[in-house]
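Chains as they are written, first to last, in this note's numbering: chain A, 1 to 232; chain B, 1 to 584; chain C, 1 to 77; chain D, 1 to 77.
Do not take every clue at face value.
Derived SDA-like pairs (lysine to any residue); straight-line CA-CA distance at most 25 Å [what the hints assert, rightly or not]:
hint: 1; chain 1: C; residue 1: 40; chain 2: D; residue 2: 67
hint: 2; chain 1: D; residue 1: 2; chain 2: D; residue 2: 53
hint: 3; chain 1: C; residue 1: 2; chain 2: D; residue 2: 9
hint: 4; chain 1: A; residue 1: 22; chain 2: B; residue 2: 129
hint: 5; chain 1: B; residue 1: 573; chain 2: A; residue 2: 212
hint: 6; chain 1: C; residue 1: 40; chain 2: D; residue 2: 54
hint: 7; chain 1: D; residue 1: 4; chain 2: C; residue 2: 73
hint: 8; chain 1: B; residue 1: 508; chain 2: B; residue 2: 466
hint: 9; chain 1: C; residue 1: 2; chain 2: D; residue 2: 68
hint: 10; chain 1: B; residue 1: 547; chain 2: B; residue 2: 398
hint: 11; chain 1: B; residue 1: 527; chain 2: B; residue 2: 74
hint: 12; chain 1: A; residue 1: 111; chain 2: D; residue 2: 2
hint: 13; chain 1: A; residue 1: 111; chain 2: B; residue 2: 32
hint: 14; chain 1: B; residue 1: 18; chain 2: B; residue 2: 34
hint: 15; chain 1: B; residue 1: 32; chain 2: B; residue 2: 373
hint: 16; chain 1: B; residue 1: 32; chain 2: B; residue 2: 355
hint: 17; chain 1: C; residue 1: 2; chain 2: D; residue 2: 53
hint: 18; chain 1: A; residue 1: 109; chain 2: A; residue 2: 213
hint: 19; chain 1: C; residue 1: 57; chain 2: D; residue 2: 34
hint: 20; chain 1: B; residue 1: 146; chain 2: D; residue 2: 57
Hints listed in this document are in silico derivations from the structure and should not be mistaken for laboratory results.
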Amino acid sequence: MKAGVVVFPGSNCDHDCYHVLKHVIGADTVFLWHKDTDLQGVDLVVFPGGFSYGDYLRCGAIAKFSPIVNEVINFAGNGGHVLGICNGFQVLTESGLLPGALLRNRSLKFKCEYVNLRVDNTDTPFTNLYAAGEVVRIPIAHAEGNYYIDADGLKSLEDNRQVVFRYCDDNGTAEDDSNPNGSLGNIAGIVNKQGNVLGMMPHPERCAEGVMETRDGYFLFESIAKFIGGCK
Amino acid sequence: MSVYEKFGFPEVTAEAAKGMGLSAEEFAGVKKLLGRTPNYIELGVISSMYSEHCSYKSSRVHLAKFPTKAPWVVQGPGENAGIIEVDNDGLCVCFKVESHNHPSFIEPFQGAATGVGGILRDVFTMGARPVAAMNSLRFGKLDKPKNRQIFEGVVAGISHYGNCFGVPTVGGEVYFNSCYDGNPLVNAFALGVVRKENIYLAKAEGLGNPVIYVGAKTGRDGIHGATMASEEFNENSEAKRPNVQIGDPFKEKLLLEACLELMKTDFIVGIQDMGAAGLTSSSFEMASKSGSGVRLDLDRVPMREKGMNPYEIMLSESQERMLMVAKKGYEDKVKEIFDKWDLDAVVIGEVTDDGYVRLFWEGEEVAALEAAPLADEAPKYNRPYSRPDYMDELQRLPKVDAPANLQKVLETLLANETIASKRWVWEQYDHMVRVGTVQLPGSDAAVIRLNESEKGVAISSDCNSRFCLLNPFEGGKAAIAESARNVAVSGARPRAFTNCLNFGNPEKPEIMWQFVSAVEGMAEAAKVLETPAISGNVSLYNETEGKPVHPTPTVVMVGVFDDVTKRIGSYFKSMESAVYLLGE
Amino acid sequence: MKAKVYVRLKNGVLDPQGQTIQSSVERMGYDFAKEVRVGKVFEIEVESEACRKDLEKIASTMLANMIIEEYSIEFEA
Amino acid sequence: MKAKVYVRLKNGVLDPQGQTIQSSVERMGYDFAKEVRVGKVFEIEVESEACRKDLEKIASTMLANMIIEEYSIEFEA
Ligand SMILES: Nc1ncnc2c1ncn2[C@@H]1O[C@H](COP(=O)(O)OP(=O)(O)O)[C@@H](O)[C@H]1O
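Please model the complete structure; the sequences and the hints are all you need to start from.
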């Protein structure tokens with residue numbers, strides 16, 4: 001697998017994703033500059049977390065006008081794999097690659113903590129190494145992760161099994177007490193209908209090594225690497 | 001028409017000097033040093049250089065008591081930040097703590113945010129990439145709505161700046177005491193990684209080399225902020241208030257990336273942050289350190305507002321700006337890198353060799369001051385100090401009977417805002433970005449692995465100011481000892497510290513006594529532990545209406561690991577583990 | 001002259017900030033606020049109204065997220 | 001009726017958000033925006049204008065940060 005990590009002005013988890021893909025997973029990994037239009041033949045594009053354009057206006061609202069985003073839209077349209085983490089998820093919704101929008105947390109505050117996630121769909125290229133219904137611990141760090149979509153949109157997401165991760169308690173129950181930001185249906189991550197574009201608020205790259213609090217994020221990267229054909 | 005007529009600057013008198021914070025003796029000294037009366041622009045420049053904040057005039061003689069050397073110290077006090085070597089292989093960390101107390105009282109959110117911005121710039125101007133931030137905070141008790149508002153604003157400001165910039169804020173301290181009612185303390189710390197051979201210093205060398213201004217445009221922000229930070233608060237402070245500085249962490253992030261990219265080349269000679277007293281202190285420090293001189297064409301400075309004059313430009317404290325000296329002929333290469341990051345980089349002058357900082361406006365020389373005397377020979381005071389009588393009173397502690405209900409006592413203690421969990425604070429900080437935080441907040445020290453290797457550092461910030469009030473010498477010692485212990489129990493070897501000395505008005509002998517005692521206590525402990533001071537900051541005049549804060553010498557200790565996977569968290573790991581008590 | 005672009009959340013979209021402000025107002029002892037919603041205003045210095053078309057483009061693709069927000073434009077001398 | 005409280009940064013106070021939006025608009029190829037400044041609107045559902053005094057109190061202590069911002073109030077049927 002060859003992976004590309006997009007760098008917008010203000011991206012700050014770009015190095016983190018690069019490190020995990022390259023050194024932990026062993027993928028051939030490159031940075032993709034937002035002003036460029038050449039995807040350098042990658043199999044996976046990652047929109048990393050951070051504060052593209054300072055998160056001014058709305059998170060991801062300005063980044064979507066970067067030249068590289070058009071290329072990624074075409075790439076995804078042709079079945080290419082795209083992963084958006086945190087700010088990257090916001091770029092995906094703003095640019096229309098995923099439905100819905102991310103609003104301010106209901107607490108109105110930035111929140112950084114480990115949360116429980118239930119893996120609701122393991123039939124995606126990104127989650128095939130998890131067990132169905134498994135509860136994993138992966139950290140969040142955001143002020144605008146409150147997922148919103150209108151009623152029809154939600155129904156369509158549910159009908160197509162597009163919800164991949166939900167905030168839940170230790171037993172895997174997705175109730176309001178374990179919802180850190182007010183997301184509709186405790187939604188933490190979704191895929192598009194075709195399953196090749198995943199957006200999620202939690203940061204799997206922050207828990208992909210043995211020295212971290214958990215190693216639950218590792219399997220997401222390993223899933224997609226395996227799906228695409230592994231790393232040399 | 002000359003600039004002086006055009007802008008209608010007032011006449012320079014002892015009165016005008018006083019308005020800018022210069023005493024009558026200092027003004028007389030300036031005239032003697034120059035052999036003439038300074039003009040208005042020069043007076044503004046000199047008064048900010050002579051402010052307590054920039055000159056350390058009350059503290060310098062005592063700061064010399066700190067040990068500052070050890071084999072692992074690469075850069076001691078005197079630069080933007082200090083540097084130690086982590087291993088014997090050139091891997092270094094660069095760190096410093098700095099106060100932003102006065103601005104945080106005026107506007108808690110922006111004051112704290114710009115404090116974080118300033119300390120981050122101090123670290124990355126040295127060539128180091130910031131990898132951890134901490135903050136040491138003191139507020140009045142939370143039952144007063146005003147204190148609550150300041151507390152919430154400060155935490156939100158730190159969160160806003162650090163999170164957006166992309167540095168993990170990994171720890172700190174929060175204390176509440178009514179002595180901080182009108183005078184909260186906000187001390188911000190940052191630590192960065194750099195290889196020994198890639199360190200940059202604030203130098204202006206090489207006759208004819210261009211002086212380049214980079215970063216945000218200059219506005220009328222915080223003019224005379226440094227002078228204001230060197231005075232007590234009173235009801236007039238409100239009226240003197242300059243435009244509050246607004247932090248732009250996004251721009252600073254771009255500045256970081258552009259600077260680090262530039263530093264990989266050999267296009268530049270020296271670089272300096274424009275912090276307190278902005279262009280003034282950066283140009284004088286660079287020129288005096290190199291024994292060169294600098295010519296600046298102030299009308300070329302990128303300006304944000306219309307009609308700004310040279311005086312305002314020299315004294316503006318607009319954020320997210322740097323001054324650098326490049327090699328002649330490489331101007332376009334520098335510009336190219338800054339263009340890539342959508343930032344301004346403008347040649348505003350050049351290095352000279354006559355020892356003067358000369359300021360020009362549309363071709364006319366509007367100020368000429370010799371750099372070295374002003375930067376190095378600012379006034380230095382050995383202010384009188386004596387133990388105040390109330391210390392006797394303080395020593396007579398009331399007799400306390402053993403409480404009957406210990407359960408109740410424990411509950412009361414745990415419910416105390418100073419003792420209670422600080423989760424509410426650190427959850428608002430991104431403490432995991434950069435995938436280096438291998439000991440999360442909630443333990444005695446934060447542990448950061450460096451460059452995704454097994455090398456790392458432990459960092460702890462400590463100061464018990466009530467203890468310092470009761471006995472400043474022992475309190476100062478204890479601050480060093482506690483921070484070193486916190487680092488040691490995490491599994492690291494304490495190596496060096498940085499500090500921020502927050503005290504009241506040094507012109508009062510009892511405050512000066514607290515200051516001197518605390519510094520001597522800290523120095524003694526630091527010598528014994530072989531942990532030199534490599535950087536620091538002094539914040540005096542923390543008084544409102546004559547009421548000083550408790551002496552608060554914040555210490556941030558840094559220790560090193562060969563193997564961070566051996567770190568130890570300070571909490572019980574599993575049921576039925578044995579519990580040991582070590583020490584006496 | 002000034003162009004002003006007002007952006008507000010569509011009716012029906014939850015506004016946590018507005019709700020928090022409303023309950024703070026109530027906690028301060030005032031009962032006049034039945035509902036609070038928070039919007040944005042972009043004040044843009046322009047030459048003339050000739051830019052209206054461009055401005056609409058910018059407003060609908062960038063300043064507002066049409067999934068959750070709506071906008072209106074006003075010019076002012 | 002609706003009360004609208006407009007909050008804007010005072011002149012001279014840096015607006016990083018406005019600057020970032022302006023340069024993005026330029027990068028998209030438009031040159032009509034000479035300056036962009038971002039403000040907020042609080043739309044408050046009220047019974048009548050009788051609350052003006054209270055609203056001013058709320059605006060100056062809570063909705064606006066008077067150190068860097070200024071506000072104005074309008075009522076609308
Ligand atoms: N201002 C702050 N910012 C970030 N973390 C903080 C802050 N204050 C306290 N913490 C974190 O909370 C934890 C407990 O702090 P504290 O109560 O001061 O500990 P102790 O009493 O053990 O020294 C530590 O991990 C500390 O780093």
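Consistency of the hints with the structure:
1. C/40 - D/67: holds, 20 Å
2. D/2 - D/53: holds, 15 Å
3. C/2 - D/9: holds, 16 Å
4. A/22 - B/129: holds, 21 Å
5. B/573 - A/212: holds, 16 Å
6. C/40 - D/54: holds, 23 Å
7. D/4 - C/73: With a Cα-Cα distance of about 16 Å, the restraint between residue 4 of chain D and residue 73 of chain C holds, given a limit of 25 Å.
8. B/508 - B/466: Holds, at about 20 Å.
9. C/2 - D/68: Holds, at about 21 Å.
10. B/547 - B/398: holds, 24 Å
11. B/527 - B/74: Holds - the C-alpha atoms of residue 74 of chain B and residue 527 of chain B are around 18 Å apart, at most 25 Å.
12. A/111 - D/2: Since the Cα atoms of residue 111 of chain A and residue 2 of chain D sit roughly 33 Å apart, the hinted pair is violated (cutoff 25 Å).
13. A/111 - B/32: violated, 58 Å
14. B/18 - B/34: holds, 18 Å
15. B/32 - B/373: Since the Cα atoms of residue 32 of chain B and residue 373 of chain B sit roughly 12 Å apart, the hinted pair holds (cutoff 25 Å).
16. B/32 - B/355: Status holds; Cα separation ~18 Å.
17. C/2 - D/53: Roughly 29 Å between the alpha carbons, so the hint for residue 2 of chain C and residue 53 of chain D is violated.
18. A/109 - A/213: holds, 23 Å
19. C/57 - D/34: holds, 17 Å
20. B/146 - D/57: Holds: residue 146 of chain B and residue 57 of chain D sit about 16 Å apart, inside 25 Å.
In summary, the structure is inconsistent with hints 12, 13, 17 from the numbered list given earlier, while agreeing with the others.
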